[in-house]
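Peer 1: Mapping of the sequence shown onto UniProt numbering: residues 1 to 418, in sequence order.
No lab work stands behind these hints: they were computed from the structure. Hints may contain errors.
Straight-line Cα separation of at most 25 Å, SDA-like style, residue types lysine to any residue; simulated pairs [to be verified]:
#1 LYS190 - LEU299
#2 LYS118 - THR60
#3 LYS322 - ASN236
#4 LYS296 - ASP330
#5 LYS202 - ASN232
#6 LYS59 - GLY108
#7 LYS274 - SER334
#8 LYS41 - GLU146
#9 LYS253 - LYS296
#10 LYS180 - ARG239
#11 LYS216 - ASN134
#12 LYS118 - SER51
#13 LYS41 - PHE163
#14 LYS39 - ASN80
#15 LYS322 - PRO340
#16 LYS28 - LYS118
#17 LYS320 - LEU295
#18 LYS320 - ARG298
#19 LYS41 - ILE132
#20 LYS190 - GLU127
#21 LYS41 - ASN75
#22 LYS104 - ASP29
#23 LYS272 - ASP330
#24 LYS202 - ASP219
#25 LYS39 - ASN214
#26 LYS296 - ASP313
#27 LYS156 - GLU228
#28 LYS233 - ASN164
#29 LYS59 - PRO34
#30 LYS284 - ASN214
#31 LYS156 - PHE45
#32 LYS90 - GLU127
#33 LYS118 - LEU40
#34 LYS156 - LYS209
Bear in mind the structure is a predicted one, so any value in this text is a computation, not a measurement.
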Amino acid sequence: MRSALIVMLLLAVLITVTPVLAAETITKDNFAEPVIEPKLKEYYFPGDAISFNLTIEPKTSDDAELIDGRIYEFNTSLENSLIKVMVEYKDGGAVTQQGGNYAKADVGDWDFGLDRIKVEVSGTVPEVNSRIQNVVVLGIDIQDAESNAVPPVVIKVVNKGLFNSYIQQLENRYSELEGKASSLEDRGAKVGEIKSKLNSAKAKLDEGKDYFSNGKYGDANTTLGEAESLLNKAQNMLRKAEVELLRDVVSQKLDIMLEKMTGLEIRIQQLKSKGEQTLDYEIKLEEFKRSYSDLKARLSQADDYLGNNLYDDAETTLEKVKADVDMEIDEINSLISQLPAEETPTSTPTATPSPQQEGPSISEQVGEWFSGISGWLSENSGRILLYGGSAIVLIVAGFVGYKGFKKYMKKRKWDELK
Numbered sequence: 001m002r003s004a005l006i007v008m009l010l011l012a013v014l015i016t017v018t019p020v021l022a023a024e025t026i027t028k029d030n031f032a033e034p035v036i037e038p039k040l041k042e043y044y045f046p047g048d049a050i051s052f053n054l055t056i057e058p059k060t061s062d063d064a065e066l067i068d069g070r071i072y073e074f075n076t077s078l079e080n081s082l083i084k085v086m087v088e089y090k091d092g093g094a095v096t097q098q099g100g101n102y103a104k105a106d107v108g109d110w111d112f113g114l115d116r117i118k119v120e121v122s123g124t125v126p127e128v129n130s131r132i133q134n135v136v137v138l139g140i141d142i143q144d145a146e147s148n149a150v151p152p153v154v155i156k157v158v159n160k161g162l163f164n165s166y167i168q169q170l171e172n173r174y175s176e177l178e179g180k181a182s183s184l185e186d187r188g189a190k191v192g193e194i195k196s197k198l199n200s201a202k203a204k205l206d207e208g209k210d211y212f213s214n215g216k217y218g219d220a221n222t223t224l225g226e227a228e229s230l231l232n233k234a235q236n237m238l239r240k241a242e243v244e245l246l247r248d249v250v251s252q253k254l255d256i257m258l259e260k261m262t263g264l265e266i267r268i269q270q271l272k273s274k275g276e277q278t279l280d281y282e283i284k285l286e287e288f289k290r291s292y293s294d295l296k297a298r299l300s301q302a303d304d305y306l307g308n309n310l311y312d313d314a315e316t317t318l319e320k321v322k323a324d325v326d327m328e329i330d331e332i333n334s335l336i337s338q339l340p341a342e343e344t345p346t347s348t349p350t351a352t353p354s355p356q357q358e359g360p361s362i363s364e365q366v367g368e369w370f371s372g373i374s375g376w377l378s379e380n381s382g383r384i385l386l387y388g389g390s391a392i393v394l395i396v397a398g399f400v401g402y403k404g405f406k407k408y409m410k411k412r413k414w415d416e417l418k
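Using the sequences provided together with the hints, build the complete structure.
Peer 2: Put into structure tokens, the structure is as follows:
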């Protein structure tokens, strides 16, 4: 009876322990580095034919007995694919399984463990929906193992058509944004920083195109992405500058409205001082002032939208304010045109006749004659010297006579004034 009880206890222990051993989780540390032959290319294209072998082996002899006794599942994303799995054990036994895009190998719990699993894969590279996309050409799922205990085999597939479309799209965006920047600059906006950002985007775009032409698709994809990011920033800056320009226009219109209200108020006060009836005009002026305050508040609201990068909201608000300001200015102009015209003087001041100008006196005429003679003699003195010294006497005599006469006439004029 006692021996039977011991046997039953041993059986219970075995039943308890055996599932635990079978359920032990294995990891990538239990496998040697997988071997792929032949070496895969860096990039593939849709429609390319591909075939390779993957060999899975245990890292140690202990691992050989640990990684067996499990189900290994294999799958591929290749088109027209074939998977062939050969399981080889340490004692020489082997099993082969195969399938289209899926194959399963039930690896037995062998005495000396698993030697290796060789997987042959062939097929055609599928179409991809990205410029560069990873395609799993062999996925491996192992029972009671951590995820990716044996990592999947992945290739990079390039879609040249999408690459070309992307490049064309970036070039079109650059041209569009450059044109918009020039247009805003012509309208008075400051676009220096924006143009710098666009220049950087163009440099990245050209660099990415070179990478693509030389088959460096990964570098091309990264660099073109950087160009797109710069274009996005430039577009955002342009949007801001565009709305800010509209904001300046609205602000200037409000200044015009204020100026016209001021002129209207001055004119009303002038009419009031003359006893004119101005009550209706004053009531209307107060309505304009209230409208102006409301429009200024809405302009401040647009500034708040701008400060928080809500450019669409800011633009919508500014467009409405602009339309309302234009309407108010038209109404002010209409009211001004209804005011009585300012009085203008009907008589012109009588012009005071200027004293009649008398001609030069005889003494002034003689003086001018002597002055002319003296000037001529002075200008031609060099020529006159060539004709002899006697001419010098005449010159001196003439000059002295003129000076004396001029002095006499001056004295005479003074006596007349007295």
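Peer 1: Does each hint fit the structure? Answer for all of them.
Peer 2: Hint check results:
1. Simply put, LYS190 and LEU299 have alpha-carbon atoms about 21 Å apart, close enough for the 25 Å limit, and the pair holds.
2. Proposed proximity of LYS118 and THR60 is supported: the alpha carbons are some 17 Å apart, at most 25 Å.
3. As the CA atoms of LYS322 and ASN236 are separated by approximately 23 Å, the hinted pair is consistent with the 25 Å bound.
4. Our distance criterion of 25 Å between C-alpha atoms is met by LYS296 and ASP330, whose separation comes to about 18 Å.
5. Straight-line distance between C-alpha atoms of LYS202 and ASN232 comes to about 13 Å, which keeps the hinted pair within the 25 Å bound.
6. A hinted pair counts as satisfied when its Cα atoms are at most 25 Å apart, and LYS59 with GLY108 qualifies at roughly 18 Å.
7. With a CA separation close to 22 Å, the supplied pair LYS274 and SER334 stays within the 25 Å bound.
8. A hinted pair counts as satisfied when its Cα atoms are at most 25 Å apart, and LYS41 with GLU146 does not qualify at roughly 28 Å.
9. For the suggested pair LYS253 and LYS296, the alpha carbons sit about 11 Å apart, so the restraint of at most 25 Å is met.
10. Taken as a hint, the LYS180 and ARG239 pair is honoured in the structure, with Cα atoms around 10 Å apart against an allowance of 25 Å.
11. For the proposed pair LYS216 and ASN134, the alpha carbon gap of about 16 Å is at most 25 Å, so the pair holds.
12. At roughly 13 Å between alpha-carbon atoms, LYS118 and SER51 fall within 25 Å of each other, so this suggested pair holds.
13. Our distance criterion of 25 Å between C-alpha atoms is met by LYS41 and PHE163, whose separation comes to about 19 Å.
14. For a cut-off of 25 Å, the pair hint linking LYS39 to ASN80 stands: about 21 Å separates their Cα positions.
15. Taking the CA atoms of LYS322 and PRO340, the gap is near 30 Å; set against the 25 Å cutoff, the hint is violated.
16. With a CA separation close to 17 Å, the supplied pair LYS28 and LYS118 stays within the 25 Å bound.
17. At most 25 Å may separate the alpha-carbon atoms for a hinted pair to count; LYS320 and LEU295 meet this at roughly 10 Å.
18. For the given pair, LYS320 sits about 9 Å from ARG298 by alpha-carbon distance, which is consistent with the 25 Å threshold.
19. At most 25 Å may separate the alpha-carbon atoms for a hinted pair to count; LYS41 and ILE132 meet this at roughly 14 Å.
20. Only pairs whose Cα atoms come within 25 Å are accepted, and LYS190 paired with GLU127 is rejected, the gap being roughly 47 Å.
21. In summary, the hint linking LYS41 to ASN75 is supported, as the alpha carbons are separated by about 20 Å, within the 25 Å threshold.
22. Only pairs whose Cα atoms come within 25 Å are accepted, and LYS104 paired with ASP29 is accepted, the gap being roughly 23 Å.
23. Only pairs whose Cα atoms come within 25 Å are accepted, and LYS272 paired with ASP330 is accepted, the gap being roughly 24 Å.
24. Between LYS202 and ASP219 the alpha-carbon distance is near 16 Å, which keeps this suggested pair within the 25 Å criterion.
25. Taking the CA atoms of LYS39 and ASN214, the gap is near 21 Å; set against the 25 Å cutoff, the hint holds.
26. Pair hint LYS296 plus ASP313 holds up; C-alpha atoms about 16 Å apart against a cutoff of 25 Å.
27. Taking the CA atoms of LYS156 and GLU228, the gap is near 22 Å; set against the 25 Å cutoff, the hint holds.
28. Under the criterion of a C-alpha separation no larger than 25 Å, the hint pairing LYS233 with ASN164 is consistent with the structure, at around 23 Å.
29. Pair hint LYS59 plus PRO34 holds up; C-alpha atoms about 10 Å apart against a cutoff of 25 Å.
30. For the suggested pair LYS284 and ASN214, the alpha carbons sit about 74 Å apart, so the restraint of at most 25 Å is broken.
31. Distance restraint check for LYS156 and PHE45: the Cα-Cα separation of roughly 8 Å lies within the 25 Å cut-off, and the hinted pair is therefore satisfied.
32. Between LYS90 and GLU127, the direct Cα distance comes to roughly 41 Å. Violation of the 25 Å bound is thereby established for this hinted pair.
33. Pair hint LYS118 plus LEU40 holds up; C-alpha atoms about 17 Å apart against a cutoff of 25 Å.
34. Straight-line distance between C-alpha atoms of LYS156 and LYS209 comes to about 19 Å, which keeps the hinted pair within the 25 Å bound.
The structure does not agree with the numbered hints 8, 15, 20, 30, 32 stated previously, though it agrees with the rest.
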